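*Asks:* What follows is each chain in one-letter form.
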Amino acid sequence: MRSGHAVEDYRQLVALSDNPITWFWVGLLILLLLALPGLVPTYTLVMASAVGIAAIGAIGLNLLTGTTGLISLGQAGFLAVGAYTCALLMADYGWPAEAAMPAAAIFTGLLSLVIGVPSLRLKGLYLAITTLAFSLIVTHFILYSENLTHGPFGVRIANPTMLGMDIASDVGFYYFVGILLLLVSLFALNVMRTRIGRAWIAIRDHDIAAQVMGINLVHYKLLAFFVSSSIVGLAGALTTLRLRFINVEVFDLLISIEALAMIIVGGLGSVAGSILGAAFIVLLPEGVRILLDFLTPEMKTAYSNYVYEVRGLLIGAIVIIILRVESGGLVGIWMKTKRYWINWPLPI
Amino acid sequence: MSALLQVRNVSKRFGGLVAVNDVSFDIQRGNIHALIGPNGAGKTTMFNMISALVQPSEGELLFEEHPLHKTRPDRLAGLGIGRTFQNLAVFGHATVVQNLLVGMHHRTRTGLLEAGIFFGRARQEEIRAREKVEEIIEFLEIEDLRDTPVGALSYGLQKRVELGRALAVGPKLMLLDEMVSGMNGEETEDIGRFILDINETLDITILMIEHDMHFVMDISDRVTVLNYGQLIADGTPAEVSASDAVIKAYLGRA
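Chains as they are written, first to last, in our numbering: chain A, 57 to 404; chain B, 7 to 260.
Heads up, a few of these hints could be off.
[What the hints assert, rightly or not] Simulated crosslink set (DSBU-like; lysine-lysine; CA at most 35 Å straight-line):
| no. | chain 1 | residue 1 | chain 2 | residue 2 |
| --- | --- | --- | --- | --- |
| 1 | B | K178 | A | K179 |
| 2 | B | K254 | B | K138 |
| 3 | B | K178 | A | K392 |
| 4 | B | K138 | A | K394 |
| 5 | A | K179 | B | K76 |
None of these hints come from the bench; they were simulated from the model. These numbers were taken from a predicted model, which means no experiment stands behind them.
Excised from the complex, chain A in its bound form:
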């Protein structure tokens, strides 16, 4: 059993964590991630970069859906807007990645206000359908505005560099995504522990009470759309830099569902949950493959033939189990386990 520690100063109360042990583990994790390229094969690094991009997207979505309670099925649309903005600025207008990436993020944020405005009157399912429609419109626009978007042919960009860093190499890109994920996580954690994050939580839990407490619903809902979609747009731009060739098929509607699965599995309204959930969903097929390696060759072949179907089935089953058993997601399970061991041998 671990005993508590006395808080002596209000500065400790507003810290992200005032526990040196937590900071020690966070430091160790960052060191491990820094050393990773020397320890694992390139393929693992490529997967890690994919997880990082998905995690940034999930953090963005979680601010809107988990924290503010505005359900979005438009993740694929926002990713596409960010990815295409970045790709077109670089390929057709000769912008460097350093400028195209932030421009893509901000443009996605601003465009999200277009569906943010109807969201002021819509709730729950109706808003979800609106965001879904937005996603479809984006896909159609990309396909049929050939002069601007290259339509069905997709966009190819040259190998990008970022502030002198070679981000076309697997190792360089891995570090670049890692740095951005760290910055986005800190930004989200910080916003969530100030008046802005609390205003979003208040709107989610009881909008009328939030209003009477002085929270301007219009202002804060639109701010949630802007911040969330800017971060998702950033993830879209990163997708462009990673693939260096994009077309509409990259932004299938299923991406939106998977993004929702990530934040539900990881933990709604939690930054750590977004990262865990993204890692879980992205690495799921790999994990299953490794498990199956221990089984018969027939099952391996069957799995490689039906990997998408199996993946979809598994994601569905896991989301249902999480919602049924532990609605806090992986983060909720982690907190409960931690509390159990801290209090051990006393009951929770």
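Let chain A serve as the given structure and place chain B on it in line with the hints.
*Replies:* Relative to the frame of chain A, chain B by itself:
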């Protein structure tokens, strides 16, 4: 000095239903003022008009000369009005501390970029707000519940958090909508003690809707009685309980 809140010839019609009909009364600074009446008398409609959630069909509501009938609800906290709701309206998934901090929203100014880097004003404001929240936590005797999600608390404690949140607004006037309904004797006594304390030591004027007559007569300085949207009595508890109209409409003839 004029009354803190003046209700002037206020009516509210919902379609054909007259919820409040030409009601006028004043709330004096420093009072504990009770608004009573049978179900459907228009009490909550009156509350919602004072909180700018509902616009009156006719009449004026003046809070320190400021027209509440032309105000947006999110301006209320800034004017100095805090309120609780008839049914629980806490932020259930947020902790007690977070709930109370939301009450201080209008007193802080941190913008998005400052919040994102959590530096300078953002941090200073958080520290100051936490200090104030600690005072409220101590006042309401909920020290051991700071980091508990409010949804996990008992009804009585959730109500207490809601009271704390209204207090965090730093109000001149507090609107309390049926604080003690559904509470047991001990919880009612606790809330009564808190209301008296808030009124006396923090010098906050109280307007409350209540059904518990003993509770109302015990702690109120003044009572206003509505029945079918009409004002039928307005006076001290003694005057009101002696009024024929009130006895007939509400307390029942002995």
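*Asks:* If a hint holds in the structure, say so; if it doesn't, say that too.
*Replies:* Hints versus structure:
{"no.": "1", "hint": "K178(B) x K179(A)", "result": "34 Å, holds"}
{"no.": "2", "hint": "K254(B) x K138(B)", "result": "47 Å, violated"}
{"no.": "3", "hint": "K178(B) x K392(A)", "result": "42 Å, violated"}
{"no.": "4", "hint": "K138(B) x K394(A)", "result": "31 Å, holds"}
{"no.": "5", "hint": "K179(A) x K76(B)", "result": "27 Å, holds"}
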